[in-house]
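Novice: Residue-level listing of the chains:
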Amino acid sequence: MDFDFSALLDSWQYLLGGLGITLLLSLLTGIGALVLGTALGLGRVYGPAWLRIPIVFYIDTQRAIPVLVVLVWFYFAVPILTGISFHPFWAALMALTLHIAAYVAEIVRAGIESIRPGQIRAALALGMSRPQIVRKVVLPQALVRMLPAFGSILSITIKDTAIATVIAVPELMKRAETIAGQSYRPIEVFTVVMVIYFIILFPGTRLIDALYKRVAHLGRS
Amino acid sequence: MNLDWNIVWDHRAELLDGALLTVLLTVLTMVVAVPVGIVLALMRLSKSRVLAGASQAYVEFFRNLPLILVVYWAFYVMPVLLHIQFSAFTTGLVALCLNVSAYNAETFRAGINSIRKGQTEAAIAVGMSRWQAMKKVVIPQAWRRVLPVLASTWVSLFKDTSLVSVIAVGELAHVALQIRSSSFRVLEMLTAMAVIYWLMGYPQAKLVDWIQKRFEVKE
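As they're listed, the protein sequences go chains A and B.
Residues in the first sequence are numbered from 4 upward in steps of one, following the working numbering.
Residues in the second sequence are numbered from 60 upward in steps of one, following the working numbering.
If you are wondering where the hints come from, they were derived from the structure by calculation, not from laboratory data.
Any given hint could turn out to be false.
[Said to hold, decoys possible] The calculated label-pair distances, taken between Cβ atoms and stated as ranges, are:
1) R108(B) x P51(A): 53 to 63 Å
2) Y49(A) x K106(B): 48 to 58 Å
3) Y61(A) x W68(B): 24 to 34 Å
4) A116(B) x W53(A): 49 to 59 Å
5) A116(B) x A42(A): 31 to 41 Å
Note that the Cβ used here is the ideal one computed from N, Cα and C, for glycine as well.
Chain B on its own, in the form it takes in the complex (with noise of 0.2 Å):
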């Protein structure tokens, strides 16, 4: 077997553009499923029946759909429904951000109801009014439960991004797997490819035991 590393050298700025989209891609995601999931939390905790249907069913749907099947679908179908041709970055993107902001969404929803409704009922009962009830007793409980799982599911979107490979997006696994094709140089690439991944989440991963640890709740 002769292996020729230099070839991981040799496309180093091709392999660090691919990683940075990568991060570009986790972090948009994550800017755009942040807000759309609490926006939808609220809107299944809602007095109104539409609303709060609206949301399980969108929430159901995508958390029950394999996320590569989801990117082709975007891809296939966004252009025919919309009339309007994205490229595939935000085609990705869009896939990207349906399936996170779903999972986000329960995350939110959870934290509030992990909140006893006692106390929402005892602030109204001293004359807050439900959105300062909100403000100054739910939410400063909830989010030490809201952030270790939104950092376990920022380490899953990181690796998700991969999928979007498929259509072609130029992200780290597209990039490895377009010099892969083109060289010749499966093993090398392939391990390539797998080191930086790994490179990257590993540190991420274990940030996430330290927040998780960190914000423990204890019952």
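In isolation and in its complexed conformation, chain A is listed as follows (with noise of 0.2 Å):
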């Protein structure tokens, strides 16, 4: 068996661009995951009850449905429903957020429910109003609580991101196929290709682990 890596270093440059897209789909669907699975998070704890039935369910729904058929739903069906047609990043961008602001919402649920009822009876019994207890006793500690599962949930990201090559997102996964087939030289592109996800992915998850090892106590109760 021979290996020939002359095609990846002649498109090295095309496959950077790729991984500077993946990097910022990834940024983006993060931050705004982020954004709406708090609201939905909070929403399922502290909000009224009518509200809590459709965030379950959403929640529920998303759960329930491969990330790829949202994406692939996003893409193809929303411009015949609605007659607006989105560039497949920005397609990639609103399927993986409503995708994975679902999973955010049930870390926020997890961590707001692991404090104990104890606590806030006490700070109730101290006088503190229910804002108050959220914002000075709860979330404190839930947010550290939270902290490694947003370690997971970063890592999930980058790699669902790989998934938006079946829309045509220009990430790193697409160019890697496109390579591929180009130079009919799979093998040495899709194991690089692997090992650059790896040094990603990789780190990441170790320097959240060791951020939650350093300020794990302040999560102790």
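Each chain sits in its own coordinate frame; assemble them with the hints.
Specialist: Listed below in structure tokens is the structure:
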């Protein structure tokens, strides 16, 4: 078996551009999912009953449907329904954000519910108002406890952007397919891209773990 | 906009076959990935540094790769490396197993580690062998923590089987996308695909919630 990496050497800039799009899409999706997911999570825990039912339904629906289906539906079906078509990048951003926000919402809820009710009763007994309790007692501890889970969300987000290749977002995965197809060197191309993804993802997850170890004591009660 | 929902009913047999293949892929992957995960976890916890290192390297590698890339990689590299032509189904199955067994290994390891060492030591002190301590003390407690995680891995796996559609495994996503491109009934087919996944996935997600509540370990 002989290997030929010349195709990769010729188009490394093209691949690097793909990596940039992967990272940009991950970053924007991460921010969007964090904002939307936190709103959904807070709405589920503290919102009125009529709001909770649709939120729970939304979260469980996203948990039940593959992200590939959400992506494809958003890119191909939404334009037919609304008459507005999006560039693949924006379609992917919206689909991934909507999907991952559901997971963020679950993490936020679990973090809030992990604070023992005794603490809330104690805070009430001290005369604190409900918003005060959320702000000063619940969230400071819950946020720390959520940190490792947010770390895995970050990793899931980067990995899920690779699925955006099915709607032809020109990110790393898509560009790898293009180069592999043109050069007839899929083994070299996919192996190198595998290493690139690993190099990005592995330190990322490690970093969050290390950070959590340093702040974990703040979340203990 | 004129919609023709009959297209979904006309292709019901193919869609059903696709859905069955999705379920089959999920079941077969789990059947392989649970024992492999246990072996990897035991390797990781063994005293041999070589075994522990190999297990850790495997687990970290596959947990930090997009599954869709593993699918492509298996599709192109496996036949060259092993000199055997695999069917798309087998290739997809291998890729899913590589991925899920890494997650399962972590699940089992965390489950075993969650039982305090003092318990094993106490069991050995009262005269049990290591294996007896594992079987009578650790496993009966650890499985309560392992099961809920396995259940949620199951649901993720069920959804991830859609990714093997990229190498033309005829599961639900691939079948639906094929019918879409041959009939040009894009909205109808994509919506049908989403609804079928929802119908299958929603009860599973709810079941996971129930299992998690049922087996919740109160500190």
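Novice: Take the hints in turn and mark each one as holding or not.
Specialist: Quick rundown of the hints versus the structure:
1. Take R108(B) and P51(A): their Cβ atoms lie about 56 Å apart, and the range 53 to 63 Å holds.
2. Restraint check, Y49(A) to K106(B): a C-beta distance of roughly 50 Å satisfies the suggested window 48 to 58 Å.
3. A hinted range of 24 to 34 Å for the beta carbons of Y61(A) and W68(B) is consistent with their spacing of about 28 Å.
4. Look at A116(B) against W53(A): about 51 Å separates their beta carbons, and that is inside 49 to 59 Å.
5. For A116(B) and A42(A), the hinted distance range of 31 to 41 Å is satisfied, since their beta carbons lie about 40 Å from each other.
Checked against the numbered hints above, the structure breaks none of them.
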